[in-house]
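Residue numbers (the working numbering), protein chains in the order written: chain B, 1 to 311; chain C, 1 to 311; chain W, 1 to 311; chain G, 1 to 311.
Any copy, or any two copies together, can satisfy a pair, since identical chains are not distinguished.
Listed next, the in silico BS3-like pairs over lysine-lysine satisfying Cα-Cα at most 30 Å (straight line):
| no. | residue 1 | residue 2 |
| --- | --- | --- |
| 1 | K224 | K87 |
| 2 | K276 | K227 |
| 3 | K233 | K289 |
| 4 | K27 | K233 |
| 5 | K65 | K11 |
| 6 | K233 | K285 |
| 7 | K87 | K285 |
| 8 | K27 | K87 |
Hints are computed from structural coordinates only; laboratory data are not their basis.
Number of protein chains: 4
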Amino acid sequence: MSLEEKTIDYKQVLENLYITIASEENKGAIATYIPELAKVDAKNFGVCFLSTKNEEYGVGNWQTKFSIQSISKVLSLSIAYQIFGDKIWDRVDVEPSGTPFNSLVQLESDAGIPRNPFMNSGAMVICDMLVSYYENPKEDFLVAVRELCSSSEIRYSEAVAKSEASVGYRNKALCNFIKSFGNIENEPEEVLDFYFHICAIEMSCQELSKVFMFLANPNFTTSKGSKVLSLSKTKRVNAIMQTCGFYDESGEFSFRVGLPGKSGVGGGIVAIYPDKYCITVWSPKLNEKGNSYRGMKFLEAFTTETEQSIF
Amino acid sequence: MSLEEKTIDYKQVLENLYITIASEENKGAIATYIPELAKVDAKNFGVCFLSTKNEEYGVGNWQTKFSIQSISKVLSLSIAYQIFGDKIWDRVDVEPSGTPFNSLVQLESDAGIPRNPFMNSGAMVICDMLVSYYENPKEDFLVAVRELCSSSEIRYSEAVAKSEASVGYRNKALCNFIKSFGNIENEPEEVLDFYFHICAIEMSCQELSKVFMFLANPNFTTSKGSKVLSLSKTKRVNAIMQTCGFYDESGEFSFRVGLPGKSGVGGGIVAIYPDKYCITVWSPKLNEKGNSYRGMKFLEAFTTETEQSIF
Amino acid sequence: MSLEEKTIDYKQVLENLYITIASEENKGAIATYIPELAKVDAKNFGVCFLSTKNEEYGVGNWQTKFSIQSISKVLSLSIAYQIFGDKIWDRVDVEPSGTPFNSLVQLESDAGIPRNPFMNSGAMVICDMLVSYYENPKEDFLVAVRELCSSSEIRYSEAVAKSEASVGYRNKALCNFIKSFGNIENEPEEVLDFYFHICAIEMSCQELSKVFMFLANPNFTTSKGSKVLSLSKTKRVNAIMQTCGFYDESGEFSFRVGLPGKSGVGGGIVAIYPDKYCITVWSPKLNEKGNSYRGMKFLEAFTTETEQSIF
Amino acid sequence: MSLEEKTIDYKQVLENLYITIASEENKGAIATYIPELAKVDAKNFGVCFLSTKNEEYGVGNWQTKFSIQSISKVLSLSIAYQIFGDKIWDRVDVEPSGTPFNSLVQLESDAGIPRNPFMNSGAMVICDMLVSYYENPKEDFLVAVRELCSSSEIRYSEAVAKSEASVGYRNKALCNFIKSFGNIENEPEEVLDFYFHICAIEMSCQELSKVFMFLANPNFTTSKGSKVLSLSKTKRVNAIMQTCGFYDESGEFSFRVGLPGKSGVGGGIVAIYPDKYCITVWSPKLNEKGNSYRGMKFLEAFTTETEQSIF
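Can you build the whole structure from these sequences, using the hints too?
Printed below as a string of structure tokens:
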């Protein structure tokens with residue numbers, strides 16, 4: 001909602017806010033439960049703004065690759081949605097959960113149907129669909145992401161995938177638990193291997209803003225000229241990000257930032273202003289809910305400063 | 001998100017959809033747990049569209065008053081927000097709950113802090129604040145609502161308030177439970193009396209669209225010329241409606257309709273398109289989640305037809 | 001289980017243990033949530049042993065009256081069981097709960113059927129039965145208890161009942177919650193008044209050992225010569241005490257003491273050795289689970305010392 | 001509790017009850033979730049009574065081996081208790097759970113400490129201790145059990161172990177979940193392999209009554225002349241069986257039968273009367289809580305008929 005449509009100098013806002021926030025204390029802690037992730041330099045801080053009119057502004061470490069982690073869940077959902085259409089909602093719901101990202105409790109009362117595709121459980125069910133569909137799941141998925149991004153430079157970090165697999169007992173628990181309800185078709189080991197890999201995709205803020213443009217720009221087409229999702233499906237993915245993109249801090253993000261978005265424990269956050277822009281922030285230190293401390297702060301300031309939000 | 005800004009004939013869309021949906025089966029059931037509510041005629045079906053440019057279109061029973069029930073929770077929240085500012089968030093959270101509207105379970109684990117102001121528990125905490133603040137809570141609240149609506153024709157239904165009080169054991173349980181955690185200041189009886197009354201306000205679709213205009217129009221002023229909420233606070237109330245307005249069907253509404261909104265068990269639903277319009281639908285039969293069957297259907301069709309949603 | 005049946009000098013064991021434990025640190029805290037209970041002197045410590053052969057040994061403050069609180073739940077259960085027989089199990093279960101005594105969570109998943117008659121919720125359902133049955137519930141119940149005890153000196157403390165009512169929001173929540181499921185027949189206010197009164201019965205260790213003799217002695221008859229419960233029903237009440245008598249410390253008590261028993265937040269504990277004896281301990285300081293610190297300690301030492309337990 | 005010590009003709013009671021119950025409808029269903037278990041003949045029905053004075057009475061299929069399943073949890077607990085003493089209670093609690101045997105919910109709120117050693121989760125933690133302790137866990141455990149039973153005829157069914165492993169997704173979920181809390185030392189695969197094997201031990205009613213004699217007879221010594229557990233530890237294992245031996249039907253068993261016992265999904269139930277006897281019943285059809293339908297019925301009738309129970 002905006003008092004009137006005014007011309008905003010996004011570049012100026014971006015740069016000013018970056019300087020301000022970079023000068024303030026950097027609270028929180030890097031995620032250390034995945035040993036490989038703990039190695040990242042906490043001082044990294046980058047932002048990339050990309051408008052539907054192709055204006056691109058970057059600041060700080062906006063071209064440094066990092067582990068996108070749960071941000072990948074939007075990509076796997078969108079690609080599965082493109083392939084399977086609304087059938088996917090038979091196996092995963094679209095409701096916010098009110099519980100942490102890796103909770104097993106609701107699965108028990110919901111008989112194996114995850115609350116939404118952005119909880120780990122829901123993302124695993126989506127992964128299971130893709131594992132069933134693709135001939136070479138890991139390779140084929142990368143091809144699809146690269147096409148979205150028009151870049152061949154998107155890769156998995158085998159070190160991160162392996163590191164996560166080595167300690168991912170809770171995710172193994174989740175996947176076996178869903179399997180016990182019959183909502184995983186393949187063997188948990190295979191689904192988890194795929195899941196750990198797509199979480200281990202590495203991208204920069206610049207690449208993420210580009211790859212998420214299909215959710216901001218209704219006229220977006222891939223490098224091969226094809227549309228990703230219909231207008232209606234695009235709207236729906238954005239709606240799920242709005243209600244479920246930040247685990248049990250989704251309401252808080254919606255409340256403070258007012259845009260659909262998705263975060264990852266690597267410290268990245270992507271936010272979408274439909275019809276206008278996509279913005280990606282990266283700063284590895286996380287608040288206690290597992291979302292980037294500076295990322296949250298930057299995006300709240302950004303929508304406040306520009307007096308723009310979808311509400 | 002819209003492919004391009006086009007001129008939409010809202011009146012035409014409204015009337016066509018009304019005819020279509022009125023001709024289809026009217027599923028669901030009237031809420032019967034409040035005896036007085038059960039008396040309403042299930043055939044009622046009305047819609048009122050009101051744009052920020054003051055275009056008003058009504059169809060069906062759009063001028064018939066009905067019990068607004070939980071829709072009142074947006075009014076009590078907004079008025080409390082105006083009075084107390086961000087202090088209210090010390091006593092109630094802004095997260096979607098993932099559980100039914102009257103659940104006691106989360107209160108136990110959250111030590112008496114309701115998940116959001118649109119659950120019954122959260123609305124009671126807001127009511128408690130207003131009971132502490134107002135000299136004559138019921139009278140003073142009505143004055144505030146009338147000012148928002150520029151109408152002196154807004155009243156409580158004493159019959160509905162009394163009817164709900166006579167069977168409201170679960171709400172009594174909730175209020176005493178929150179009191180046991182110290183998050184209710186006044187005696188539960190007084191808070192409940194106020195709560196049951198504001199749920200029993202009666203308005204028509206026309207009046208509701210008018211009274212909610214302050215959430216759609218950033219330039220809105222009351223009949224006395226004063227602003228209700230700042231732009232930032234308005235945005236935040238809309239954000240909470242988006243994530244929490246439909247109990248454990250909030251994600252579904254966001255997914256299908258793509259607008260912030262609020263429903264009541266009287267069969268009313270108000271939805272807001274910030275900067276553009278407010279739309280109210282009323283049809284008493286509810287789906288299994290407690291939201292108006294035709295209301296949900298109409299609004300989904302309306303945003304699909306107009307190809308407009310905030311996403 | 002005992003290596004061999006040997007002659008035990010209960011009096012000697014009792015007195016020695018009393019001296020030992022009285023000399024050790026008295027940990028824990030008096031229950032303060034009921035203001036009137038907080039007034040009791042923490043130094044009180046009494047024990048009364050009564051065998052089925054009518055040997056009675058007392059030590060310390062064994063003849064001082066105190067608030068029996070939840071110990072009364074065994075009396076209300078037994079009297080209701082006598083009146084209604086196995087019909088009572090339609091409205092309350094016999095399973096341990098695994099949750100604190102005043103939890104509302106399980107009631108929600110169990111649709112208003114309390115887990116057992118020793119949780120507050122279950123005791124309220126039992127109270128509701130008695131309120132429906134008796135002409136003057138409070139008076140009539142006292143008559144029944146006095147008959148069990150062959151004493152006219154048993155009374156309610158009106159001060160404690162009133163004190164508990166004044167702060168009993170959680171119990172009010174519980175009772176209204178069960179009523180909302182239809183498992184309370186009378187108005188919650190009336191059931192709660194009865195419930196708060198029977199919790200406020202005052203007895204000494206001596207009186208409690210006497211009143212509980214019907215659960216230890218299969219040949220017990222009341223002052224009027226009538227049997228309380230059949231052998232089979234007696235066994236069942238003891239079994240419920242064994243599994244549910246100490247809230248979420250029931251397993252611990254069973255593990256350490258090995259006798260069926262029941263505690264109250266007034267600091268009393270009654271334990272039964274079927275066919276052999278009834279023993280009551282009172283010491284007001286409670287451990288973190290709400291059971292008498294010295295009471296637990298004394299009983300564990302007593303069964304260890306005598307090498308007797310039902311196991 | 002018994003009116004007086006009378007001479008009971010156990011053999012006669014056993015045989016009469018067997019005939020009666022065998023003539024009545026055999027309700028319930030064989031456990032089919034482990035494919036190999038589903039192959040058993042539902043008509044099997046055997047009982048073996050063994051007194052501490054070595055009186056042995058058998059009837060029906062009392063010498064046929066069957067899969068003891070969860071009954072093995074008492075053996076692993078007892079052997080671990082013998083090895084590690086009370087240290088084991090740092091990693092597993094002794095409280096009844098109030099939830100099904102394979103629930104993950106409580107583990108989440110209890111941070112990975114299982115409620116008791118007879119839930120699957122608790123048994124896995126015990127297994128983990130034994131895996132850490134033994135050089136060749138599966139072989140060494142069998143040696144220990146054989147010594148208890150004075151029989152070299154106790155074996156694992158590799159077919160059942162393999163069958164359970166092939167479908168045991170929920171158990172895999174449980175074990176990985178506990179591991180994620182740090183309460184499993186070894187790799188889940190190894191712990192599960194051990195766990196599935198000890199569940200797959202095959203014994204007859206006769207062998208089970210013999211192997212459990214150490215819990216009934218305080219003077220019991222193994223074939224090598226050594227004591228298994230001290231009197232105090234024996235009492236404690238019996239107490240845990242009493243409160244936790246039948247999952248969320250533990251209260252019901254205690255209520256109806258009044259003896260400590262343990263059931264398995266293979267249809268076996270062992271019950272202990274301390275100082276007097278051990279009795280084992282086997283009938284594969286299970287009630288809805290997963291306990292042998294005829295086993296429960298027989299034991300209830302047996303303690304009613306003999307007018308003997310620990311209460």
